[in-house]
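Asker: Chain by chain, the residues:
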Amino acid sequence: MENQVEIKTQRPRVTLRNLLPEWLWGFVRNPKAMLGTFILLSFVFIGLLAPDIAPLPERGGANRMVGRPHQAPDDEFWFGTTRQGQDVFKQVVHGTRTSLSVGFGAGTIIIILCIIVGITSGYMGGLVDELLSLLMNVFLVLPGLPLVIVISGWVDQPGPYTIGLVLAVTSWAYGARVLRSQTLVIRNSEFVAAARVAGEPSWRIVLFEILPNMISLVVSSWIGAVVFVILTEATLSFLGLGNPNAVSWGTSLYWAQNNQALLTRAWWTFVPPGLCIALVGFSLTLINYGIDEISNPRLRSGEGG
Amino acid sequence: MSENIQPILETRGLTKHFFTGNALSRTVVKAVQDATLQVYPEKVVALVGESGSGKSTIVRMLAQLYKPTSGDIIFEGENIVKHTSRAALLRYRGKVQMIFQDPFASLNPVHKVSYCLQRPLRIHHKAPPGMASALHRQTIELLEQVSLIPAEDYIKKYPHQLSGGQRQRVAIARALAVEPKVILADEPVSMLDVSIRLGVLNLMDRLREMHGIGFLYVTHDLASARYFADEILVMYAGWIVEKAKSEELIQNPKHPYTQLLLSAVPDPSRGLRTAEIEIKGEIPNLANLGAGCPFAPRCSKVMEKCNTVMPPITTFDDGSWTRCYLFPNN
Ligand SMILES: Nc1ncnc2c1ncn2[C@@H]1O[C@H](COP(=O)(O)OP(=O)(O)O)[C@@H](O)[C@H]1O
Ligand SMILES: [Mg+2]
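Chains as they are written, first to last, in the numbering used here: chain A, 1 to 305; chain B, 1 to 330.
Excised from the complex, chain B in its bound form (with noise of 0.2 Å):
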């Protein structure tokens, strides 16, 4: 899909180990491993895995929460791992904002609506300094922009008096709120109930076109990103395995693990299921990961290298690529 455009966001080789226990057993957490991504504007690349493969340590590296441990972000051709400067980091969250799992978790309980979305307008000068009603006026039309509307009706309420839809609708405006290039959504309908995630999804994808934004959308829902993503990325123990475009990737999954995934999802071409991806076998465990694929002790065409060390990255003709030894680099 990028043949001539240029990502926004991406990374390269981006690794974090956490480091964890005390100092008589030290254990590592191979949280992500070597991983490569492109967000590109107004389009949604989605990453696609387990719980606890890594996805939101990838988000919070992006969104600047975690430090890398090493391998680089880069953000309009800018390298952001090297400037940590404070008005650096401030530029980079005017540009890109994330939305979190949980809606009941990641609004303040003690503020307001209002306070929620002003807070970022005042950070990044959205609105002229001193006048209350240019702060006001954007607050409303903020609200609008994600349909809570009559928007005055919302503007004084306390996170406790709404529900987990209304909630998640104010997280995703208090993302708007600065102008962001890129949103990072991490599970954004994962808490929500069914029968409102597909409202969330098609907002979230109004947003994207109306305003251009790119959208990194991290789900396990293999059958939600096909909905909304161009391009889907899959992860599994905290390496990506295979990228390609939605269709692609349903309609001809390359690695072993992927093609597990969509026997999981009995028919993914029925459209939006909301059915979550069952577990068949043990999950690693990050702490003892061997050199090899992770994948290697559920996969039925193991071979004996990949034991030993993980594969490299095949890439196809259309730019999918993925990581397996049945498919030899040439």
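Chain A on its own, in the form it takes in the complex (with noise of 0.2 Å):
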């Protein structure tokens, strides 16, 4: 029986492994990026089935008043009521697909504007370097939060979009000076070298050979990015910046710490939403340390060195 399976497996055949390039093969089989991306995937389910998954009314949407004010959990809504009777589950539900496309809308602007700024800088030199720099240094040195609390308060209520927008235009700096420096350093690289003396144009060495070699610097920024602005947007909305009456994880929790739910023992109203918050973000770092240990071989666990 064991020799008849040690024959198969000589011979070659069509396997995940031999399918997938391998830098997605160390991905798939790496258990902490396979649970972060399970948990994080089924989010991204939830959000955007949720109007089958929690239809909504067609007035007054998820803020409608359907049940007694502070309900528990029982059979007809799974997660009980607000202090306004309303149901927390289509909240929390339709809240998921809130703040995924704000973190994930603004993550990717920021890492955009990051690849864009950060590795022209690098790549360039000069003085288009030394001006994108002085760009870079400026936002850095902007105080981002109190920023984005000043212009919320000059936006009058601003929904979660809107503070993620914010968010995009005022924190890409620190990504962009990091893909800066690795930038510097592949361009001095001698395969870069090799590019131009085989007679590639700059465009074609910035996209095909420096890049491909910082994917894994993108993708781990884009993730931190992406991490930073739901976790920003819920605080924000959660301290009252926002707009009261959008339908997301901070605005739920915003509306249970203003019924004082912690005295009424109403832990359902902040308990989903919380949980939610704290398991996407558990998700994305769990990828991102997928990642890092896929990219940086001394890092990788279980593999005998």
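There's no promise every hint is true.
[As the list claims (entries may be wrong)] Only pairs whose alpha carbons sit at most 20 Å apart, straight line, appear in this in silico DMTMM-like list of lysine to aspartate or glutamate:
1. B:K95 to A:E200
2. B:K67 to A:E190
3. B:K245 to B:D205
4. B:K112 to A:E190
5. B:K126 to A:E200
If you are wondering where the hints come from, they were derived from the structure by calculation, not from laboratory data.
Build the complex: two chains, separate frames, hints provided.
Answerer: Here it is, written out as structure tokens:
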């Protein structure tokens, strides 16, 4: 029996390993990355299917009063109701949509700004580098959070998407600096000189020689930015700096605190949104650890060296 | 050797100064000074010198990776320092190629061997556009030319799946892809295992003969220069101090520095040795070189004027020359 298995595996077969590129195979085999991906995909799934999981009434949406105030979880309201008689389950499910789309939307804007500014600055050098470095330094010393609070006050009850946009515009500088210094290192490597000798144009050197060598850095910066935006948006909404009528995890926490949920022991109004924020942050951080381990073999666990 | 053949690539008074430091303390590194050399078709000229003497800087200027501070680079009779359009640069790159010292750094880890070889083929239109099969066939041929056989096995590999010697052969194949007339080889075997150096040198020699390629072979190893090159240039602290045919230079070294180099290699007539140049005394700091001969502090025959002005070139009947006051200009 065992012999047969041996012979079988020796024949070239179509296996997952042969189909996937090497880095993706490393990702698939990394337990941290896989657990993180599983949790994250569950939330993405919930966010995408929110209208089917928790259909909303035509008027009032997730904020409509549908039950008695502060009902504990039961068969009808799985996560109970708020003091306003709103269905917490509906709010959390639709809040998933908001939080994830704000997080990934603003996180993606941040990483695109990082790539454009950081790599241009590092690759071009000279005056361009000096001007862009100045810009990066200005944005670095801008006190990000207070600025967001000020802008929030000025826009008057900004929705989660406005907060995301403000966060994106004010928080790209650190990542851009990291990518710039990495670009500086790679730009001076021999394979870039070799590409130039071969006659490659600059845009191809940037996109096909330099950028692919920074993929893990770009992906982990991107994930870091997504976590940052999700947590910060939730914080600002919780502090009441956002629009209190928006449906997001932060807003749910804001209302729970406003209605003194701790005193009234209405734990179901703050545990679900809080847990969601924690789980999404945890899953993204796990994925980042996984990427770190894959791209840095010294951290690789369980491979005997 | 060049009685009536024209050099294909030559430099005149090639100089490179690097400016480093900040606005407060600016230092000038005089990496290459007044370098004159010729590369002939189908011949090998070696550039020998200790680490830090400016060899790579010369090569990188010739590869148009660095802009010379002053001086001319003449390729096929045209001064290429003056022609700086993108089209002219691309034409030059189609004829002058380079092999780097470190095969672990000169191949991009994210690209397969096939990508490495097909990019120059595409850029320089060596394959008819849109003909994937022609491109594939040429890639196979290139790999076979550098003895990576069976070529089909190598084409899909990543650099990290290859040994140092195999990588350097891929790098040679990449240089070969554009059908170059000159190859600048910057210490192509110094990072390789001693046991495989000779194989790579012999490969380059075969390619030289097959395609009539002129080589500038950079090395810090006088014995391998003698083995591979027709002519040797000796470089010290940014200056080329002596040029002669290989045998002449080994048997009858003129410049005191060349003599020192030869004394460091016990017996060069015993064939290819890999002994590296032994450093006696200090290599001068290129950042604060005086006006005189940089070798003067180490020279046993130093004279007073050595410390004030660099000696001019003294040419001999056989075409060899040196920069030393021991050989007065007549
Ligand atoms: N890009 C650069 N910027 C500043 N100094 C450099 C640069 N490249 C080389 N140098 C300096 O020029 C000198 C010659 O270097 P190099 O040409 O690499 O020597 P070799 O190849 O003979 O070892 C060294 O002192 C080195 O520090
Ligand atoms: Mg060098």
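Asker: For this structure, which hints from the list above don't hold up?
Answerer: none
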